[in-house]
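Visitor: Using the hints provided, position chain B relative to the given structure of chain A.
Number of protein chains: 2
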Amino acid sequence: MEEFQSVSALIESLKKLPGIGRKSAERMAYQILQMKPEKIDQMVTALKNARDNIDICPICGSFRENKNCPICSDMSRDQDTLIVVTSFKDLLAIEKINSYHGLYHVLGGNLSPTKGIGTKDINIEGLFNRVREGNLKEVILATDLTLDGETTALYIAKLLSSYPISVSRLAYGLPMGGQLEYADELTLAKSIEGRNFIKKEL
Amino acid sequence: MEEFQSVSALIESLKKLPGIGRKSAERMAYQILQMKPEKIDQMVTALKNARDNIDICPICGSFRENKNCPICSDMSRDQDTLIVVTSFKDLLAIEKINSYHGLYHVLGGNLSPTKGIGTKDINIEGLFNRVREGNLKEVILATDLTLDGETTALYIAKLLSSYPISVSRLAYGLPMGGQLEYADELTLAKSIEGRNFIKKEL
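Read top to bottom, the protein sequences are chains A and B. Going by numbering that gives the first Met the number 0, 189 is the number at position 190 of the first sequence; the sequence numbering is gapless. Going by numbering that gives the first Met the number 0, 146 is the number at position 147 of the second sequence; the sequence numbering is gapless.
Here chain A stands alone, though its shape is the one from the complex:
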């Protein structure tokens, strides 16, 4: 028996998700076929809404919903401190600890000579536009403590050295080689508290 065309298409589509191979995609597809049509409709609606309502904030590079960035539009946040992170998931990790109330800048990746990711491929330009506006007093570099994350932090720190702002790096409370996304909340909080100033304006 040939595989059904509708099912093959669904399996191919599901295989695009992270961590989903052929076998998992098949299991999912047949599970979906056994769902009530209303449940499939809910999934369809959820996907459409995600596609239509979520985009990237042109200021901070994070996701926003219905053109409203919950970070950039929140004037109760400290407007003079900014944390630079690699990804939106890192932003979420920091938001979860509830001890930081400043701004964010999401790079969308780390510089990586080995992977061919250069300065034009991540959102560094946008960061400097924000620095030039002159409202920031401190930029905290919170890229991953991996080789690529360190490279990115050092590169940005060097460029920032000519601006009259403080630049800091997350404290090395995180284990080296670790990824920010998987850090436990306490370690992450400690590493923000104990950040080391690379340059400090008085």
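Incorrect hints may have been included.
Copies of the same chain are indistinguishable here, so a pair counts whether it falls within one copy or spans any two.
Each computed DSSO-like pair below joins lysine-lysine, with the alpha-carbon atoms no more than 30 Å apart [what the hints assert, rightly or not]:
| no. | residue 1 | residue 2 |
| --- | --- | --- |
| 1 | Lys-14 | Lys-198 |
| 2 | Lys-136 | Lys-14 |
| 3 | Lys-66 | Lys-95 |
| 4 | Lys-95 | Lys-35 |
Since the hints were made in silico from the structure, they are not lab data.
Guide: Just chain B now, with coordinates in the frame of chain A:
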């Protein structure tokens, strides 16, 4: 920061899939947000087509596409032999070995006193309607070789004993306690070849 409503809905929807917990659903959702809109559209279309084009064949209980069951409508298949399986995935497993060319009957589950699954909850009635039509010479019971699968096979075998047809059970080439879906192709083929007749009409 609150989680975006569109993202929460998507995560909830993805969590309904088999083997997908909170953390995996989150990863998938954020992966989906980073996809090109066309890729999301493909996924939406695939889900809709699966919902609209696939349903259950009223004869054999398997899936069919556009109201056409590829098994029941294929007159080149042996019309006098029928394999009873627990699920559609078991049917697919048998189709893959390419050595069986008869009909199927998908029960949609096994009898299970412990899980409260009784004779009315699986498609046994439909099987007996087909047996009563009188075209079948042999019914091969290919339910899982687990306790529930054996219970189901024995129950059906007992009811079939009053009809003038042969009834067989998959050979015990499969390891006991094993699930048909995960059997390797050779073992599965051997177990069909070496099936043991519970009753044989000459």
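Visitor: For Lys-14 and Lys-198, with the copy left unspecified, which applies at a CA distance of at most 30 Å: within, between, both, or neither?
Guide: neither (46 Å within a copy, 45 Å between copies)
Visitor: For the identical chains here, do Lys-136 and Lys-14 meet the 30 Å Cα criterion within one copy, between copies, both, or neither?
Guide: neither (45 Å within a copy, 42 Å between copies)
Visitor: If the cutoff is 30 Å on CA atoms, where do Lys-66 and Lys-95 land: within, between, both or neither? Let me know, please.
Guide: within (23 Å within a copy, 49 Å between copies)
Visitor: Please work out whether the CA atoms of Lys-95 and Lys-35 approach to 30 Å or closer within one copy, between two copies, in both situations, or in neither?
Guide: between (35 Å within a copy, 28 Å between copies)
Violated hints, listed in ascending order, are 1 and 2; each of the other numbered hints is respected by the structure.
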